[in-house]
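Engineer: The residues making up each chain are set out below.
2 protein chains.
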Amino acid sequence: MVSNRKVSALERKKEVLENLKRFGAEIYKQMMLGRFPQIQMPSRSIENIYYNPELRQYVLGNKTVRRSARNIRHIRPFTQLVWAAYFAYELTSQRKTSTLRDVYYSSQAYEVPFKDQPESNSIITDLETVIGFSREDFNIFPEERSAVFGDLTIEYTVPGYEGKRLNLTSHPDGVMIGPALTSAEFVKTSADKVIAIEKGGLFTRFIEERVHEKFNAILVLTAGQAPRATRHFIHRLNKELELPVYIFTDGDPWGMHIAMVIISGSANAAHLRELTTPDAKWSGVWATDIVDYKLPTDPLTEIDIKRLYELQRDPRYKDKLWQREIKTFLKIRRKAEQEAFSRYGLTYIVDEYLPAKLEET
Amino acid sequence: MVSNRKVSALERKKEVLENLKRFGAEIYKQMMLGRFPQIQMPSRSIENIYYNPELRQYVLGNKTVRRSARNIRHIRPFTQLVWAAYFAYELTSQRKTSTLRDVYYSSQAYEVPFKDQPESNSIITDLETVIGFSREDFNIFPEERSAVFGDLTIEYTVPGYEGKRLNLTSHPDGVMIGPALTSAEFVKTSADKVIAIEKGGLFTRFIEERVHEKFNAILVLTAGQAPRATRHFIHRLNKELELPVYIFTDGDPWGMHIAMVIISGSANAAHLRELTTPDAKWSGVWATDIVDYKLPTDPLTEIDIKRLYELQRDPRYKDKLWQREIKTFLKIRRKAEQEAFSRYGLTYIVDEYLPAKLEET
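From first to last, the protein sequence lines stand for chains A and B. Residues in the first sequence are numbered from 876 upward in steps of one, following the working numbering. Residues in the second sequence are numbered from 876 upward in steps of one, following the working numbering.
There may be inaccurate statements among the hints.
Just so you know, same-sequence chains aren't split out, so a pair can sit in one copy or run between any two.
[Stated by the list, open to error] DSSO-like cross-link-like pairs, simulated, lysine-lysine; straight-line CA separation at most 30 Å:
(1) Lys971 x Lys1206
(2) Lys938 x Lys990
(3) Lys1195 x Lys904
(4) Lys904 x Lys1089
(5) Lys1039 x Lys1063
(6) Lys1089 x Lys888
(7) Lys938 x Lys1206
(8) Lys1068 x Lys971
(9) Lys990 x Lys1169
(10) Lys1181 x Lys888
(11) Lys990 x Lys1202
(12) Lys1039 x Lys1181
(13) Lys1169 x Lys971
(14) Lys1193 x Lys1089
(15) Lys971 x Lys1156
(16) Lys1206 x Lys1068
(17) Lys1181 x Lys1169
(18) Lys1193 x Lys990
(19) Lys1039 x Lys1232
Everything labelled a hint here was simulated from the structure, so no lab data went into it. As the structure is a computational prediction, the values presented were derived from the model and not from experiment.
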């Protein structure tokens, strides 16, 4: 299977740079005309975030906000946003990456004050909204890293590695999903599916039991809640290589939500489209699996139960499967970890459970 | 530089298996002689843990404990330990890996009851004490994963990869430190030092700024507190390749302690010798760096301060450098993150701070 990516990584970077430039040029133009510069962008306030059942993710509505240098209360966030665009342009054109934390401290080098990191984070999200790309596209990456293993050959685009290729089975502990992998082209794969796994121990078990060969799968470790770069990587595997995605998590509300955020994203990222994989499936551990497989369990805590009631009302969880599983959790009042299958022997999860669930979902 | 490892990975596994077998044979022999089987092992109680200034780590004293099948209160832990040895033998001889969590659930497949995971964890630590190897040697790995990048060629010993080699610059986001890397042989390196880094963002910055080339360094990401497999890997880089190790953490008591655990280990692992690197250096961020470099800071919290007083009394922290830094923290009442250097531009930490600190420590 060869990638059907429409836009190469380099073309994409070019587009990001052009959008950033256009943003600057627009402000410059206004000033040259003797006007107070202003910008308009979609509002990210809660009243403007809607769940879109067709896209199966949150989106922004039509409300916009305007920030004008004429308004004294706007001057601060306006200046910060312009600086952030400048900084993003520098990063992207110099092909350096950064983190949200770095951005916060870097601003001090330019004497652009942010009172704390939440303020600088929020400005970076504004910049995503304005230029229509996620921050990873302008080289601001999360601190967290997760990993991947499987038959996929990639070609790097980062400095020093241009044109170099790596097959992602090269290292049997998995390779990290960072800026280099995120910006790599997909060259070739024999895989016909993606299996995302919450926990490191099970990721290693799957590699040892050759799940990648037996099930033709690319294995992705989410390491708990998947970092954004990992969600984008899963999105790309699904879109560019047309691979179905199956997600395996612990059997509790937190595991469900790890799967859901990969599938339908979060309200915080309602302004972005490339972090979700709506056709991905949550394959387990379901509450009904706990019953069917007689798994060792722990009781649900108060916090677990409160969380389940929240999920029950969440529009992303309206489908039958999710509602049934939430109800079952609330009925049995128990939860189970992925490792609980080891009660039937270490390889049971691969020999019995995994094929059954891939068939079922 | 070629590795001066004394024992190959395969010989080491053989030794582990022999020790496990000897443990079983000893019990079997006692029963054949018509005796209640018993075992004797070093006590791991607090009164038997001492700091050894020569080894610069905690060690166990001479007190031993005896567990006898004759004593009704001993039968449970005795049986659990024998089962754990059996399970470890199965894992190691079948070349499968596992986690502490898997061990807990697996015991249910054998109807060996553990009331909870702390109980099974404690039995695994007993087994380490009895057979003189760490649990990673009998294939029980931590859940957490960290990463490495740099010019080191390794040769795998895990099934399916025997004899295959990988250079650890192959993937510019870094490769995971898991069972395969841990059990690999070191073949060749041009590096003359190891730099361990607490945070993912800085690890990526160092790779992008080619610290591995400019400073001939192997870069290790600890991702917070270094997992045991990573501490063992650093130990091996230091012992087998004779590479000096420099550790960079946040400038706060928690960062200090990340460095200290790599250097001198923890009291919990007083029965093991291969998780520490006593000659490794904590190179920063020091409290005195915060002052000298005028870094942006946050105030120390109550918990930070309490922790500093604990460290001040800890025998591992008795050296001048540590005492001076603890005092300075307590005096300035501020802490700083590694990213704080970005106030002088993104590359300042690599261009100015890193060379200065490598010289100084």
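Engineer: Hint by hint, say whether it matches the structure.
Structural biologist: Status of each hint after checking the structure:
1. Proximity of Lys971 and Lys1206 under a CA criterion of 30 Å is satisfied in neither setting, with 51 Å inside one chain copy and 37 Å between copies.
2. Taking the closest pair of Cα atoms, Lys938 and Lys990 come within 30 Å of each other only inside a single copy of the chain (27 Å); across copies the shortest separation is 56 Å, beyond that limit.
3. With identical chains, the CA atoms of Lys1195 and Lys904 are never at most 30 Å apart, being 53 Å at best within one copy and 60 Å at best between copies.
4. In this assembly of identical chains, Lys904 and Lys1089 lie within 30 Å of each other by CA distance neither inside one copy nor across copies; the values are 59 Å within and 43 Å between.
5. For the identical chains of this complex, Lys1039 and Lys1063 are neighbours both inside a copy (14 Å) and across copies (22 Å), given an alpha-carbon limit of 30 Å.
6. In this assembly of identical chains, the alpha carbons of Lys1089 and Lys888 lie at most 30 Å apart only when taken from different copies (28 Å versus 37 Å within one copy).
7. In this assembly of identical chains, Lys938 and Lys1206 lie within 30 Å of each other by CA distance neither inside one copy nor across copies; the values are 41 Å within and 51 Å between.
8. Taking the shortest alpha-carbon separations for Lys1068 and Lys971, only the inter-copy value of 24 Å comes in at or below 30 Å, while the best intra-copy value is 32 Å.
9. In the homo-oligomer, the alpha carbons of Lys990 and Lys1169 lie at most 30 Å apart only across protomers (18 Å), although the nearest pairing inside one protomer, at 52 Å, exceeds that limit.
10. Taking the shortest alpha-carbon separations for Lys1181 and Lys888, neither the intra-copy value of 43 Å nor the inter-copy value of 48 Å comes in at or below 30 Å.
11. Taking the closest pair of Cα atoms, Lys990 and Lys1202 come within 30 Å of each other only across two copies (29 Å); inside a single copy the shortest separation is 44 Å, beyond that limit.
12. In this assembly of identical chains, the alpha carbons of Lys1039 and Lys1181 never lie at most 30 Å apart, being 49 Å within a copy and 50 Å across copies at closest.
13. With identical chains, the CA atoms of Lys1169 and Lys971 are at most 30 Å apart between copies only, with a shortest distance of 25 Å across copies and 51 Å within one.
14. In the homo-oligomer, the alpha carbons of Lys1193 and Lys1089 never lie at most 30 Å apart, since the shortest distance is 34 Å inside one protomer and 55 Å across protomers.
15. For a Cα distance limit of 30 Å, the shortest separation of Lys971 from Lys1156 across copies, 29 Å, qualifies, whereas the shortest one inside one copy, 35 Å, does not.
16. Taking the closest pair of Cα atoms, Lys1206 and Lys1068 never come within 30 Å of each other, the shortest separation being 33 Å inside a single copy and 57 Å across copies.
17. Within a single copy, Lys1181 and Lys1169 get their C-alpha atoms as close as 24 Å, which meets the 30 Å cut-off; across copies the closest is 46 Å, which misses it.
18. Proximity of Lys1193 to Lys990 under the C-alpha cut-off of 30 Å is found in neither arrangement, the shortest distances being 40 Å within a copy and 38 Å between copies.
19. In this assembly of identical chains, the alpha carbons of Lys1039 and Lys1232 never lie at most 30 Å apart, being 37 Å within a copy and 34 Å across copies at closest.
Violated hints for the displayed structure, listed by number in ascending order: 1, 3, 4, 7, 10, 12, 14, 16, 18 and 19.
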